[in-house]
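Colleague: Counting along the sequence shown from 1, when you hit position 117 you're at 117 in my numbering, and nothing is skipped either side.
If you are wondering where the hints come from, they were derived from the structure by calculation, not from laboratory data. Model, not experiment: these values are computed from the prediction. Keep in mind that a hint or two might mislead.
Claimed, not checked - The calculated label-pair distances, taken between Cβ atoms and stated as ranges, are: (1) 60 <-> 38: 29 to 37 angstroms; (2) 60 <-> 92: 29 to 37 angstroms; (3) 98 <-> 68: 43 to 51 angstroms; (4) 73 <-> 96: 50 to 58 angstroms; (5) 64 <-> 43: 56 to 64 angstroms; (6) 80 <-> 44: 47 to 55 angstroms; (7) 95 <-> 60: 46 to 54 angstroms; (8) 70 <-> 104: 42 to 50 angstroms.
Unchecked claim - Lysine-lysine pairs mimicking DSS-like chemistry, simulated, CA-CA at most 25 angstroms apart: (9) 83 <-> 71; (10) 98 <-> 83; (11) 98 <-> 78; (12) 75 <-> 65.
Quick reminder that beta carbons are idealized off the backbone N, C-alpha and C, glycines included.
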Amino acid sequence: MTTTVALHTSPTLHFSRSLPRSSTILLTILLMGLFFIAILLLATFYLCRAATFLNWRAHHIAEAKADREAKNRAKEEKAQRIKDAENAARERAEIMVKELENGCYCDCEVERCSCEGK
Numbered sequence: 001m002t003t004t005v006a007l008h009t010s011p012t013l014h015f016s017r018s019l020p021r022s023s024t025i026l027l028t029i030l031l032m033g034l035f036f037i038a039i040l041l042l043a044t045f046y047l048c049r050a051a052t053f054l055n056w057r058a059h060h061i062a063e064a065k066a067d068r069e070a071k072n073r074a075k076e077e078k079a080q081r082i083k084d085a086e087n088a089a090r091e092r093a094e095i096m097v098k099e100l101e102n103g104c105y106c107d108c109e110v111e112r113c114s115c116e117g118k
């Protein structure tokens, strides 16, 4: 059953009046469903982009932290090597001083020792 509408009404009104009421309701539900699905797709897209960005950011932060730790470890190792070299030089100097006080001198690099008067 269709009804005619005067020409001064909008085409949408004419279209909806030319359909049975149940078809209009189904069409409205279908359009609302499509709109809802479009919104869900957009939301999913932006959530995925946000998750990707956050994952990239976390990875970037972890890399930066690992780089800082590696640099700090290298600095600590260098400081320890310098400290060990200073301690070894101090020990060699103490040995040389004791040997000179006793009148003996040993050159550890060439493994030569000489004692004066003993």
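Colleague: For each hint, tell me whether it holds in the structure or not.
Modeller: Going down the list of hints, with the structure as the test:
no., hint, result
1, 60 <-> 38: 29 to 37 angstroms, "holds, 33 angstroms"
2, 60 <-> 92: 29 to 37 angstroms, "violated, 48 angstroms"
3, 98 <-> 68: 43 to 51 angstroms, "holds, 45 angstroms"
4, 73 <-> 96: 50 to 58 angstroms, "violated, 35 angstroms"
5, 64 <-> 43: 56 to 64 angstroms, "violated, 31 angstroms"
6, 80 <-> 44: 47 to 55 angstroms, "holds, 53 angstroms"
7, 95 <-> 60: 46 to 54 angstroms, "holds, 53 angstroms"
8, 70 <-> 104: 42 to 50 angstroms, "holds, 47 angstroms"
9, 83 <-> 71, "holds, 18 angstroms"
10, 98 <-> 83, "holds, 23 angstroms"
11, 98 <-> 78, "violated, 30 angstroms"
12, 75 <-> 65, "holds, 15 angstroms"
When held up to the earlier numbered hints, the structure conflicts with 2, 4, 5, 11 and fits the remainder.
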